[in-house]
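Line by line, the protein sequences give chains A and B.
Each residue of the first sequence is one higher than the one before, starting from 1 at the first, in the UniProt record's numbering.
Each residue of the second sequence is one higher than the one before, starting from 1 at the first, in the UniProt record's numbering.
Calculated directly from the structure, the hints in this document are not laboratory data.
Incorrect hints may appear among the rest.
Label pairs and their calculated CB-CB ranges [said to hold, decoys possible]: (1) A107/B <-> P71/A: 22 to 32 angstroms; (2) H146/B <-> R95/A: 33 to 43 angstroms; (3) S121/A <-> S121/B: 31 to 41 angstroms; (4) A23/B <-> R91/A: 44 to 54 angstroms; (5) G58/A <-> H127/B: 52 to 62 angstroms; (6) R4/A <-> W42/B: 29 to 39 angstroms.
Chain A side only, calculated, beta carbon under 8 angstroms to chain B, not exhaustive [as the list claims (entries may be wrong)]: (7) V21; (8) T139; (9) G150; (10) L154.
Bear in mind the structure is a predicted one, so any value in this text is a computation, not a measurement.
Yeah, the Cβ is synthetic: ideal placement off N, Cα and C, and Gly gets one too.
Number of protein chains: 2
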Amino acid sequence: MIIRDATHQDWPEIYPFYSAVMAEGRTYPFPEGQTLEEARPWWMEQAPGTTVVAVGDGAIVGSAKMGPNRPGRGSHVATASFLVDPGHQGRGIGRALGRHVLDWCRAEGFHGIQFNAVVESNHRAVHLWRSLGFDVIGTVPEAFEHPDEGLVGLHIMYQRLK
Amino acid sequence: MIIRDATHQDWPEIYPFYSAVMAEGRTYPFPEGQTLEEARPWWMEQAPGTTVVAVGDGAIVGSAKMGPNRPGRGSHVATASFLVDPGHQGRGIGRALGRHVLDWCRAEGFHGIQFNAVVESNHRAVHLWRSLGFDVIGTVPEAFEHPDEGLVGLHIMYQRLK
Numbered sequence: 001m002i003i004r005d006a007t008h009q010d011w012p013e014i015y016p017f018y019s020a021v022m023a024e025g026r027t028y029p030f031p032e033g034q035t036l037e038e039a040r041p042w043w044m045e046q047a048p049g050t051t052v053v054a055v056g057d058g059a060i061v062g063s064a065k066m067g068p069n070r071p072g073r074g075s076h077v078a079t080a081s082f083l084v085d086p087g088h089q090g091r092g093i094g095r096a097l098g099r100h101v102l103d104w105c106r107a108e109g110f111h112g113i114q115f116n117a118v119v120e121s122n123h124r125a126v127h128l129w130r131s132l133g134f135d136v137i138g139t140v141p142e143a144f145e146h147p148d149e150g151l152v153g154l155h156i157m158y159q160r161l162k
Numbered sequence: 001m002i003i004r005d006a007t008h009q010d011w012p013e014i015y016p017f018y019s020a021v022m023a024e025g026r027t028y029p030f031p032e033g034q035t036l037e038e039a040r041p042w043w044m045e046q047a048p049g050t051t052v053v054a055v056g057d058g059a060i061v062g063s064a065k066m067g068p069n070r071p072g073r074g075s076h077v078a079t080a081s082f083l084v085d086p087g088h089q090g091r092g093i094g095r096a097l098g099r100h101v102l103d104w105c106r107a108e109g110f111h112g113i114q115f116n117a118v119v120e121s122n123h124r125a126v127h128l129w130r131s132l133g134f135d136v137i138g139t140v141p142e143a144f145e146h147p148d149e150g151l152v153g154l155h156i157m158y159q160r161l162k
């Protein structure tokens with residue numbers, strides 16, 4: 001598996017699993033039911049951010065987007081989001097994308113990286129980010145409407161990078 | 001002083017103090033140096049959000065914007081931002097706008113309201129929001145570059161509404 005910068009042409013291959021993950025409704029407070037064109041700006045980042053894809057066996061199996069979490073006087077802290085094709089989970093793709101994002105953030109000179117909304121019942125993600133050095137620095141109670149579990153919290157996770 | 005919905009025509013009267021507050025660089029991780037038209041979408045909210053103005057002695061002396069903090073499965077938690085004309089501070093305008101926003105959020109049925117980035121050295125704001133019922137639920141360390149104090153934290157503040 002390799003991780004490379006996403007191109008405009010990759011989006012139609014990302015979109016099916018983007019849509020599948022959003023339709024599941026378990027991991028992201030994103031809009032559901034977006035068309036290919038509606039969803040594009042929600043995932044395909046503009047500079048100074050960027051979007052990458054994980055490619056294995058010739059197919060895109062995951063993607064991450066990253067960039068400054070805020071403009072101006074907050075732009076030294078990064079943020080990122082991650083998608084793994086549900087048909088390819090459990091193979092370390094999320095972890096590889098996570099490591100790639102941390103390397104990118106360090107190379108770009110960010111002081112830290114913040115995740116704004118990690119669903120607290122998404123134990124796989126919370127465990128992964130903790131194992132890569134993130135801490136939960138706060139939890140917004142009942143901020144996510146989970147299809148099975150009802151209202152669950154959204155963690156803010158953070159890692160200092162320098 | 002009255003608080004009313006902002007109209008498109010109000011923006012040129014809000015923009016001067018919006019620009020002044022951003023140029024001071026002490027309270028918001030927003031872009032600086034925006035033109036009238038660049039800044040407009042950063043403050044003038046679209047439905048389901050809204051922007052209001054505080055009017056006293058025939059002049060706009062403050063403004064607030066409010067709406068869902070996240071789309072989709074996070075849209076039951078609100079957020080808001082506030083501006084008071086620096087020439088009119090200390091007169092209770094921020095407090096009146098805060099109460100107005102809380103009333104609006106309750107009327108719209110939001111479950112809670114979250115501030116994503118309150119500069120921790122902005123003691124006046126932190127005190128005001130605490131006095132209106134908000135708690136600090138986490139602080140992103142060194143996430144704001146203050147012009148005098150260097151890197152200071154950004155508080156996430158929250159209040160349950162039902």
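- Query: Taking each numbered hint in turn, which are not upheld by the structure, reported in ascending numerical order?
  - Reply: Result: hints 7 and 9 break, sorted rising.
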